[in-house]
Amino acid sequence: MVLENKLYDVVVIGSGAGGGALSARLAHLGADVLVLEGGPKIDTRTDFNTHALPYQFPSRHIPIMKPGKPGFDGERSRGLGGKTQLWNAVALRLSQRDFKGRHHDGAGQDWPVDYAEMAPFYDRIEREVGVCGNYDHLEDLPDGIFLPPVPMKCTDVAIRDGARTLGVPVIHVRKATLSRPTATRPACHFCGNCMSGCDVVAKYNSLDVHMLPALKTGKLTLQSNSIVHELAVSAEARVNEVRYFDRETRAQNVAKGKIVVVACACAQSVALLQMSKSSRFPAGLANSSGELGKNFIPHITAGFEAFLTPFIGKPSINEEGFLDHAYVPSFMHSKKRGYPRSFGIQFNYQNQRSVGWAKNVKGMGKSYKDAIKARYPAYLTFTGYQEMLPNPDSYIDLDPAATDEYGLPRARRHWKLSDDDMRLYNDMKKWCRAILEASKAEIINPDPAPTTNHEIGGCRMGTDPKTSVVNEYCRAHDVPNLYVVDASVFPSSSEKNPTLTIMALATRTADRIASQLQKGEA
Amino acid sequence: MSTYSSDRRSLLKIFGSIGATCAYPFASDELYAQTTAATPEMASHFFNKTDFAVISRLADLIVPGAIRAGVPEYIDMVIARNAEQQAVAADGLHWLAAKNFTQLDEAAQYAILEPLCETADSGDLRARNVQFFALIKSLTADGYYTSRTGLLDELHYHGNTPHAGYPACPEH
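Sequence order for the protein chains is A and B.
Numbering-wise, the numbering used here puts 243 at position 243 of the first sequence, and it's gapless, one number per residue.
Basically the numbering used here = 1-based index in the second sequence + 1000.
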């Protein structure tokens, strides 16, 4: 229980990648930090159904949590660690081209920071979380501080050899999963169930790697089951109350901090600011620009499924490893093309506990059953991830009609692809098919429709308060003691997975906040 | 602007309760969405005895061994909580009853089902009886390959075991 009159140095809302890295850094720097997490307390080692099999459940769905263990039951109430508990841990640095895309090809928005500014913070985060990968010396995917890479699967090698005939690079995946043990965490044991909660914490999660160790400072308070629904502001346009209720009892409460950090994972951060209306900010908190919720730029994906024909009929082997072991980094950015930006390809990350593709194999009877058995060792996913540019039809808002289980408005995601986005999408599909064909793959779905993944944008970072929500240190232009630290602040999405950059921004923002507290400027 | 947008997402859903999302572990967000769907565990007594026998026979023709793996009970449980699927199943069962399906020998049963299977495989789901076949095939595949028999005995799933390291691919 928090005493209502306690004034923390910093109140952090959300405990995922951004909230975890930031709060741990601040606590180590001596700030008095309260983290409010909407979901329950989680014990990573015992609460997840990491090793369950589908037939243990009549519905054949494996629930995320073990019976009686709450968690991950809604967008606002995931649990300590947030989505880092279930992520696939791909950890890529953005490149100078990603930060300065407009400078590079004339479209979208540049970041107010560049790679040289961010590099030391990537270094720090990689040391803290542990990232395995190969030193590839690519101009567009900067190397980091790596643990040894994990060998590619035989199926990856087949893709690599096929892609090579087209001049397309295939590299070792870079993941925040340990390929060798540290003093406190074991190395990965390759059970293949990474996205079901890593119960040994070989895979990074913000609870076990960042926040629990920071409790030793005595400066960090983790408070779960606390759903924040409003940030109230004073006459001086400073956040003076963080209003929340208990997830179970619904009892209302208030937390106070000199500084407040919103880190609720993109759409939920936007929604919280949009819900925090006041006479000073009638269109939502920190929204004098009218840009809050706009510039929603999730990754657009083309999800192929295929069978690698050289593996059809081979004996079933266990090569799940830690899901994907390889990656196709961006290569189109340096080629002549009819659109801005580029794409990367993540592949071979299926978990072999589920065989959902079986229903789509043609035929029936014994030949059908034999075909599935033969194809089981040959199946793989192959998904292009592209950068989307901002457009007026892609934004986050609050549903005026639907509320969630807590009576709070639901965040809605609207997205539409522009002609440029579609040109890129179609070219990405063409390259995916070409690589698969060059690798002797039989493609199950040659023409997948675009879907979204990795929510990005909505609180754009920029130097101009008229066109952006937060400044280059993630501080709201309108509200001097309010920060936003998650992928909602990204001015451009890159095609690379966002989490490592969220953490690098978080640790950099923590330094900034600590120095302000020290100088008494907060 | 292209026709692809958030509004189209609902059109991409397909038949079957486990569906493409299960085969397709995108990222934590997707995984999260698929496994938090409410799944009340229900007793498997939706179909009456006659209809259950027909469903069982269909499942075993689509995947030999499906009855022994408990697939009909799974199909019953899924359809019991989906009104749309119940309507498709009712029409399909009615259509098969008119053909005296259960009285026919295996070859004759195959002769009825194979054209439906071919049409369903071609992606043409306009006809009601094809929808019915596609539904039962989809649920049979999901039920069988999530069963112990299907996943372990048939496919020899070896995952979920700890390894000291990950060996490099020996052939390369």
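Think of the hints as simulated: they come from the structure by calculation, not from any bench.
Incorrect hints may have been included.
[Unchecked claim] Below, a list of computed lysine to aspartate or glutamate pairs in the DMTMM-like style, where the Cα atoms sit at most 25 angstroms apart:
| no. | chain 1 | residue 1 | chain 2 | residue 2 |
| --- | --- | --- | --- | --- |
| 1 | A | Lys256 | A | Glu236 |
| 2 | A | Lys366 | B | Asp1121 |
| 3 | A | Lys373 | B | Asp1060 |
| 4 | A | Lys100 | A | Asp161 |
| 5 | A | Lys373 | B | Glu1084 |
| 6 | A | Lys362 | B | Asp1124 |
| 7 | A | Lys336 | A | Asp399 |
| 8 | A | Lys335 | A | Asp419 |
| 9 | A | Lys373 | B | Asp1091 |
| 10 | A | Lys362 | B | Asp1153 |
| 11 | A | Lys373 | A | Glu442 |
| 12 | A | Lys277 | A | Asp464 |
| 13 | A | Lys362 | B | Glu1084 |
| 14 | A | Lys366 | B | Asp1124 |
| 15 | A | Lys366 | B | Glu1084 |
| 16 | A | Lys440 | B | Glu1084 |
| 17 | A | Lys466 | B | Asp1091 |
| 18 | A | Lys83 | A | Asp427 |
| 19 | A | Lys373 | B | Asp1051 |
| 20 | A | Lys336 | A | Asp427 |
| 21 | A | Lys362 | B | Asp1121 |
| 22 | A | Lys100 | B | Asp1153 |
| 23 | A | Lys362 | B | Asp1091 |
[Said to hold, decoys possible] Partial list, computed: chain B residues near chain A (C-beta under 7 angstroms):
| no. | residue |
| --- | --- |
| 24 | Ala1080 |
| 25 | Asn1082 |
| 26 | Ser1138 |
Note that CB positions come from ideal geometry on N, CA and C, so glycine has one too.
key: Violating hint indices (sorted, rising)   = 4, 5, 7, 9, 15, 16, 17, 18, 19, 22, 24, 25
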